[in-house]
Structures are given as C-alpha cells and as structure tokens.
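Using the sequences plus the hints, can you model the full thing?
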Amino acid sequence: MSTELTTMTGAELGAAIAAGQTSAVEVTQAHLDRIAEVDGRVHAYLHVDTEGALAAARAVDSGDGPRGPLAGVPLALKDVIVTRGVPTTVGSRILEGWLPPYDATVTAKLKAAGIVILGKTNMDEFAMGSSTENSAYGPTRNPWDLDRVPGGSSGGSSAAVAAYTAPLSIGTDTGGSIRQPAAVTGLVGHKPTYGGVSRYGLVAFSSSLDQAGPFARTVLDTALLHEVMGGHDPRDSTSIDAPVPPVVAAARQGATGDLTGLRVGVVKEIAGGPGYEPGVEAATRDALARLEKLGATVHEVSCPSFTYALPAYYLIAPSECSSNLARFDAVRYGLRTGDDGVASLEEVMSLTRQAGFGAEVKRRIILGTYALSSGYYDAYYGSAQKVRTLIGRDFAAAFAHADVLVSPSTPTVAFRIGERADDPLAMYAADLCTLPASLAGIPAISVPSGLSEGLPVGLQVMAPALADDRCYRVAAALEADHGHPLTQEAPSL
Amino acid sequence: MPEAGVGITRDEVAHLARLSRLAVTEEELDVFAGQLDVILGAVARVQEVAAADIPPTTHAVPLTNVLRPDVVTPCLDRDEVLAAAPAAEDGRFRVPRILDEEA
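Protein sequence lines, in the order shown, are assigned to chains A and B.
Here the first sequence stands for residues 1303 to 1795, numbered as in this note's numbering.
Here the second sequence stands for residues 24 to 126, numbered as in this note's numbering.
Worth flagging that the hints you see were computed from the coordinates, not collected in a lab.
Note that the structure is a prediction, hence the values are computed from the model and not measured.
We treat Cβ as the ideally placed atom computed from N, Cα and C, and that holds for glycine.
There may be inaccurate statements among the hints.
Sample of chain B residues lacking proximity to chain A, with all beta carbon distances greater than 10 Å (derived) [claimed, not checked]: (1) 33; (2) 34; (3) 93.
Ranges between beta-carbon positions, derived for each pair [to be verified]: (4) A/1679 <-> B/115: 31 to 39 Å; (5) A/1353 <-> B/97: 23 to 31 Å; (6) A/1309 <-> B/57: 44 to 52 Å; (7) A/1339 <-> B/54: 38 to 46 Å.
The following block contains the structure:
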C-alpha cells in the first residue's frame, strides 16, 4: 500500500482519504518514508517537518479539520515561502536558522485546505538561477538522471514531485523558475497571472515579476492546487481583486481531448533555431501536430521584441533585487557577523552581507545597483522598462489572432550539474522562452511534450492575463492525448 | 562570448560593492569585473529599441491607491519577532555601534 500511495495523484489521494479508504496519516507517513529512502540521493528537501506534517494529517483524520478535494494530501513547499516556526532559508546562509514569526498567505491557504506540508524544498539562493546549483546548501539532482540539474530556481520542488516524495509542490516563478524546472523533470508547472496568487510572505526577489504557482505530475492536480493557493489578498497591494480563473473546470474540459476551434499561435522568435536542441524542436513539432489532431488551428505569429526579453529581464530583475535585498541589514533577522563591539553598523552590515550572500546574488546586487545609478538609469533600467512595454504590445497583437501562444518551455533538456556554473550568460539562456510572459505578467504553463534522448521536454502554453484556464485546457488535452503522465516513463530511482 | 563589454572597470565594481554594503574580496572583484562587463555588454541591447516615445512599464498589472480598510488588526508579536533577531535588548533590536563612525 505504501508504494501505491506515493504513486497516486493528489486528486486520487484526496478522494481516497475522504472515502475512508486510507488516512491522511498513512499517506503522509508513506511520503515521509519515501523521502527517507530516496532524498539522500536527490536532495530536494532542505527541511523535513515530520512532526508538523503528521500533526496536520491527524487533524484531517480527526474529522473536525479542514475538508476539500486535497485535504490530507501532502505537499512540498519552496523555501522562499515563509512558514511560522518552520525554518525558511531561501537557499541562503543569510537566513540560516531563521524561524519566521508568521505564515505567508499561501501557507495559510494550504493549511486551511488541509494540505499537509511535508517540508521546505531546495532552491537557487533567493530564487536566482536556473539549476538549483546556486543554493548555499548544495545542489538538487534531477530524478530522471542524477548527474543533471532539476531546473531552477524551484528545482527542489520539481525534483520532490518527480521523485514521488510528494504528489504536489509549490514553486515561484520570476523569469521561468516554475516552467523551466517543470519542463526538465517531466512535470506540469504553472505560473499564474501576476497578481493571481498573493505574494504576502514570499521572500521578495523581483517584486514586479515574482509569482508563486503549482507543480504536479498531472494537469488536474496542478489546477486543484492552483485553486487552493490563488485569489485576492488584501495583504498584497499587487493582488488582483478577481475570482480565481476556472482552472479545474478547464482541466476537466481539456481532458476530453477536444480543442475544436482553438486558435494556437506559435511564436516565431522563441520557436527554435540556434541554441535549441533538435530533440526539443522535434518534441515541440510533435505537440503542435497533436494539437491540430485534437481540433486546434495552428499558425505562426511574430513578436519581434521578444528577442529583447532576456536583456530587459537581466536589468529589471537585478535592479529590483538590489533594492529588495537591502533589507538584509544584520539587524532585524538572519545572520550577523563581525559584531565585535568595535566595528560600526555599516562595517557589520557589509561583512554580514559578504558572508551571507553567494556569488550569483552578489553579482546581481552589484549589476542592479549599476543599472539604477544616476547617469546609467535611463540607458539601462529605463530602456528595459520600455522593452517591457513593447513586449506587452506584441502579446496584445498576437492574442488578437490566437487564444493561446506556444513555444518550447526551455531550449534544452536538463543540463549536467556544473556545465554552466561558471558562465552566467549560458545559465541565463535557460530562461529564453519563459521571460516574455514574465515581463508581461501573463499566465503560462509548462506541460510535458515528450522525451529527447530519454529526458523530458516541456511545451509552454501562454494565455492573456486572467485567462489561466486556457493554459490548463490545452495542457490537459495534450496530457490526455499522451495517455498517461510523462513521469510514469521515468527510470526508477 | 560574442558580446562586447561596456568597459566597466574594477574600481567601478569596487565602488558599487561599497554602495551595496558588500565587503567583497579582491578575487571576487577580479571575477565580477570581467563577468559584469560581459553581462552589461549583452543587456545594453535594450537601448536599440527603447525609443523616446515608448512609455515605460513598471508593472504588468497597473493598480493605483490600493489601501486596506482603516481598522486595527493584530500585528506580529514583539517577543516572537525579537527572538528571530541577531541581537535584542530591552524589547528592542540591538544594533552595532552607530556613533563616532569617523573615530
């Protein structure tokens, strides 16, 4: 039974728990056992909250606790989302040992839905990276091939679900940090419309881009989790005051496999070519053929400004990060080093930040400080914001003729650990396809499109703001056409 | 790397690190100066299309004057917050020396 419980979907587990066929404690224990068995090799988790998870499961089993389709279902939470009394490091030494005094809105919503938080997952430090190698606590490995990265920055969350140590997980996506890890681990991962999920209690990297979202092995599970975590939050001034889009209904509708009348635009600028692996291009072509077979019409669209998305992103995100990370001042929380009673506040601050931040974080803080400094502001940050306008215009024009836009989720399959570690620009290229949707704040999902030499490839489906349901409908149709979740084809760990 | 750098110097990087309150090492200055030069060379391309008549976008979903209702709600517990601080004294954050900076 124990093995079976870890291979079931979240929807199946929730139904089985509600029907009394199993208990939330049994399900939770099965996943804790699986973590003990395989996570030494994968390193998806930074902290496993055994006691807290079992207590939450007992509350569901008591019958007086929360009810709902995912009550009693375990989940892995990215370590960028604060959890009261449970360590939250953001993959950084600067927050090592910090116990947050409050829950993020996302955390509170999970608890209210009876979802069992198993633990906190590894990530690139402050969500800056595409491989999880920038974690101060060591890399996470891809369950499909332990020598490869699980994507990033939400690589712990993708690896946890791909390794069957959790049926669901939550990541955050600033430039692709949900979609790219989902793609390279064979999962479904969705970046909601900006403002669709509260950022209250999400440790900020780039506030105008950061957005939390769900991961799962199936589209329906991803939608069910989206519905739990989404919605307006008065504690986040950028939260959209609108209902959660009908993502679960769309996932069920899409699963019928009928896409008749759907207009799919293939974005020429991020469709393939130099830098894209042939296997990724082949899987994308196959997915497009299947969309047509299911009744969709597929045509090419051009979004010329997308070629400027990567440079714009690598100005905007570091600029916002240099401002956001100023809060790590060695006074209110986290690390303090060099406080010998003689050193000044400023010296202690500089020594602490030097000791607490890793290379990529320092690189981006310095880059952002440069881009925002007087004399360079207009040329760099100001120009990047104009590119953001152009990208929004390109999307608006493309969506006039298409219900959804598609591209590969990332140009390559999972690369080897260490392969891009010393070349920041090569690492940044992993986000080439995902950055336009981030800059425009629109929703985008990554759904498995096939394998390339045994490794997963993802298709990105983008929709207009607040039309997240369209992403789920298309993803569910592709999944149904494939016949089973791609993770079932992964080699066993 | 095909992109040409913008010519950011090691001294400029050292200045930026000071502004950022990062006590970077000499070795890091060498590495960062080279890398930042390449990165800036690559991202400077945004200037090619940033015409004067294009308005900037600061936020994809523009919202203005978002205020919560003016009612008293519980805030974080002081002792719990201070327990997470590097140093606290008399119910306050204790900071390193802030006077006589020039001494």
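Evaluation of the provided hints:
With a least beta-carbon separation of about 12 Å from chain A, residue 33 of chain B lies farther than 10 Å from that chain, consistent with its non-interface assignment. A cut-off of 10 Å between C-beta atoms confirms that residue 34 of chain B is not in contact with chain A; the least separation is 13 Å. Taking the minimum C-beta to C-beta distance to chain A, about 12 Å, the non-interface status of residue 93 of chain B holds against the 10 Å cut. Range check, residue 1679 of chain A to residue 115 of chain B: Cβ separation about 36 Å, and the 31 to 39 Å hint holds.
Between residue 1353 of chain A and residue 97 of chain B, the C-beta spacing of about 26 Å keeps the proposed range 23 to 31 Å intact. At roughly 48 Å, the beta carbons of residue 1309 of chain A and residue 57 of chain B sit within the given window of 44 to 52 Å. Between residue 1339 of chain A and residue 54 of chain B the beta carbons are some 40 Å apart, a value that agrees with the proposed interval 38 to 46 Å.
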